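All chains should be modelled from the sequences, with the hints used to inform the complete structure.
Line by line, the protein sequences give chains A and B.
Each residue of the first sequence is one higher than the one before, counting from 2 in this note's numbering.
Each residue of the second sequence is one higher than the one before, counting from 2 in this note's numbering.
Derived from the structure by calculation, the hints contain no laboratory data.
Treat the numbers as computed from the prediction; the structure is a model and nothing was measured.
Take the hints with a grain of salt, since some may be wrong.
Keeping only pairs whose Cα atoms sit at most 25 Å apart, straight-line, the calculated DSS-like set for lysine-lysine is [stated by the list, open to error]: (1) A:241 - A:281; (2) B:79 - A:134; (3) B:48 - A:79; (4) B:79 - B:48; (5) B:324 - B:205; (6) A:202 - A:324.
A few chain B residues facing chain A, derived, Cβ under 8 Å [to be verified]: (7) 61; (8) 68; (9) 72; (10) 101; (11) 103; (12) 125; (13) 130; (14) 295.
Label-pair ranges, simulated between beta-carbon atoms [unchecked claim]: (15) B:33 - A:55: 33 to 43 Å; (16) B:295 - A:56: 48 to 58 Å; (17) B:69 - A:240: 21 to 31 Å; (18) B:214 - A:20: 21 to 31 Å.
Cβ coordinates follow ideal geometry from the N, Cα and C atoms, glycine included.
This is what each chain is made of:
Protein chains: 2
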Amino acid sequence: MQTIIYTNSVSEAIRSLVSEMNPASVHIITDTNVERDVLPRLGLDYKIIAFPPGDEHKNIITLSSIWASLIEQGATRKSLVINIGGGVVTDMGGFAASAFKRGIRFINVPTTLLSAVDAAVGGKTGINFEGFKNEIGAFAPADAVVISTALFSTLPSEELLSGYAEMLKHGLLSSAEDYAALLSFDILNADLDRLLPLLEKSVKVKERIVGEDPHEHGIRRALNLGHTAGHAFESLSIIKGNPIPHGHAVAFGMLVEMILSHTAEGFPSDELYRYAAYLKSQGYGTPAITCDDYADLIALMRHDKKNDTPDSINFTLLSSPGKVLIDRTAAEAEITAALDIFRDMME
Amino acid sequence: MQTIIYTNSVSEAIRSLVSEMNPASVHIITDTNVERDVLPRLGLDYKIIAFPPGDEHKNIITLSSIWASLIEQGATRKSLVINIGGGVVTDMGGFAASAFKRGIRFINVPTTLLSAVDAAVGGKTGINFEGFKNEIGAFAPADAVVISTALFSTLPSEELLSGYAEMLKHGLLSSAEDYAALLSFDILNADLDRLLPLLEKSVKVKERIVGEDPHEHGIRRALNLGHTAGHAFESLSIIKGNPIPHGHAVAFGMLVEMILSHTAEGFPSDELYRYAAYLKSQGYGTPAITCDDYADLIALMRHDKKNDTPDSINFTLLSSPGKVLIDRTAAEAEITAALDIFRDMME
Numbered sequence: 002m003q004t005i006i007y008t009n010s011v012s013e014a015i016r017s018l019v020s021e022m023n024p025a026s027v028h029i030i031t032d033t034n035v036e037r038d039v040l041p042r043l044g045l046d047y048k049i050i051a052f053p054p055g056d057e058h059k060n061i062i063t064l065s066s067i068w069a070s071l072i073e074q075g076a077t078r079k080s081l082v083i084n085i086g087g088g089v090v091t092d093m094g095g096f097a098a099s100a101f102k103r104g105i106r107f108i109n110v111p112t113t114l115l116s117a118v119d120a121a122v123g124g125k126t127g128i129n130f131e132g133f134k135n136e137i138g139a140f141a142p143a144d145a146v147v148i149s150t151a152l153f154s155t156l157p158s159e160e161l162l163s164g165y166a167e168m169l170k171h172g173l174l175s176s177a178e179d180y181a182a183l184l185s186f187d188i189l190n191a192d193l194d195r196l197l198p199l200l201e202k203s204v205k206v207k208e209r210i211v212g213e214d215p216h217e218h219g220i221r222r223a224l225n226l227g228h229t230a231g232h233a234f235e236s237l238s239i240i241k242g243n244p245i246p247h248g249h250a251v252a253f254g255m256l257v258e259m260i261l262s263h264t265a266e267g268f269p270s271d272e273l274y275r276y277a278a279y280l281k282s283q284g285y286g287t288p289a290i291t292c293d294d295y296a297d298l299i300a301l302m303r304h305d306k307k308n309d310t311p312d313s314i315n316f317t318l319l320s321s322p323g324k325v326l327i328d329r330t331a332a333e334a335e336i337t338a339a340l341d342i343f344r345d346m347m348e
Numbered sequence: 002m003q004t005i006i007y008t009n010s011v012s013e014a015i016r017s018l019v020s021e022m023n024p025a026s027v028h029i030i031t032d033t034n035v036e037r038d039v040l041p042r043l044g045l046d047y048k049i050i051a052f053p054p055g056d057e058h059k060n061i062i063t064l065s066s067i068w069a070s071l072i073e074q075g076a077t078r079k080s081l082v083i084n085i086g087g088g089v090v091t092d093m094g095g096f097a098a099s100a101f102k103r104g105i106r107f108i109n110v111p112t113t114l115l116s117a118v119d120a121a122v123g124g125k126t127g128i129n130f131e132g133f134k135n136e137i138g139a140f141a142p143a144d145a146v147v148i149s150t151a152l153f154s155t156l157p158s159e160e161l162l163s164g165y166a167e168m169l170k171h172g173l174l175s176s177a178e179d180y181a182a183l184l185s186f187d188i189l190n191a192d193l194d195r196l197l198p199l200l201e202k203s204v205k206v207k208e209r210i211v212g213e214d215p216h217e218h219g220i221r222r223a224l225n226l227g228h229t230a231g232h233a234f235e236s237l238s239i240i241k242g243n244p245i246p247h248g249h250a251v252a253f254g255m256l257v258e259m260i261l262s263h264t265a266e267g268f269p270s271d272e273l274y275r276y277a278a279y280l281k282s283q284g285y286g287t288p289a290i291t292c293d294d295y296a297d298l299i300a301l302m303r304h305d306k307k308n309d310t311p312d313s314i315n316f317t318l319l320s321s322p323g324k325v326l327i328d329r330t331a332a333e334a335e336i337t338a339a340l341d342i343f344r345d346m347m348e
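See below:
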């Protein structure tokens, strides 16, 4: 299992890990935004490999340049990589480390809430390839992850909202109590000190699920809750030229899938209203869709890589908060009905 | 542990594995020589991805083209790759499969003795990068390996000799009996049916050692026997423009390291003479070195990646056949003396 450290003192935690691991050399992998905005605050004296920010740089060209930099900086099999950044940095830096000399040690230090709760933990690393997301990669858990909400102080509130959607997901997968605690937290005006223990609880839900099924043969698919419909919202928004953040799309996708859960599995209807009210109160907005978009959304859900056959659409459903049902399918008519209810609730 | 099948019926073994694994699709990765010379004999009806032969193509460009072909051929997470070829094919094809969609299943079918006894088994995969051998890769064991000496019938005798050096190494690491059995086999005029059980015994030695230490933190380094001096012979021959095969270099390197073992650890001297006589009787030839080459050879040994610090030269030594001592070092004067004795014995 990975060491995960929850702290308000990031630099100290990193220095102490480095001293414990006693590497031959230390190489920070990051993007140029984090290099400019975050690294000076940390005051770490290690070699730096920085690439331009953005998912469009999460590719084999940037990956090769990271490997070339590691060689140029004299990294050996006993060196250590520290990935400091969002999901692009931890995904690509983790894969770079896992394949360099067939694998050197690495630490993840997520600088966004989304990467703290999602990408930095659990061992999925990779790059995009020929337009396919995370097509090339490895299951390679970081040796340690340092999680601190102190790094989020300069994040725009939109980014906090986006990451919080994944926390809501973990709450729903965990228990009615965990989920209720999240709905009573004000992420729009977040108290970062109070966020840290909530984040710790949330990451532990993911750790537990990943620990039971590291290679996603079964229960790990529970973590796809909200993502079948969510990815469709996200892709459609990109196609329409008005992209919404990943977490917002997942937040909307979870409502669609809760509605499907209500119809198919008796998920309580008052939970639907409570959840929709929370999204509206926190300013998640609403995806601008009409019934003319249904065919496109359903086609996008059908092409999701989580489907084992092209004829079925796979969902993770819930019979209540904490009661998870993986590998469920829904017919087009059910999805259409759920999208109608979704639009009503979010208006 | 990997399934390893020893057989004289390669196609049947492959078809039976495919039927058992029930993949969504099957993709053969190979080089164009094997595609032309071996695949027609096997009569398999699977998709083919072939690249030009040779270590110079074991790079990120070819690797990317393999991934692109897998996508183009519609490979999914439930597809199967079959690597059919020598070490370049199994190393690169194995890494391609291990990183495609974070890992799909693959089978290795070695077509050279060297890859059967060495590269195809044990999970080391990778490509060369910026002039460094196997700089990028993964520890990823094949789901199954199909080993058949029937595939070697068209190999030049030089290739059989080269692979047999690794078998001699496994014999030395295993026991006096296994080693003696190898010295009484005529690899120069090889009876391939008799070679199969010897090969099986040899691969099992490697399996046992790799099973005890898959990530090479300790005893797996025993498999480096002969390789510190051997790589130096190999590199020097390339620098001089007259390259010798890898296995031949290892065969010579083992004699150098047996001489060091004799001096430092009392390895019996009659074993040295017996081994040198075998090499000469089987036509391994001799590396054309003089005492003017010693400084270069020692410098090459010093830069070997098996050294943890640049100041020491790491060897695997033996106190007798089957009695292995890893992580030993030798001083320059001892190496110089061993090279003198080596030249005397091989003349």
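Q: Could you check the structure against the hints above and give me the numbers of any it violates, in ascending order?
A: 3 and 14
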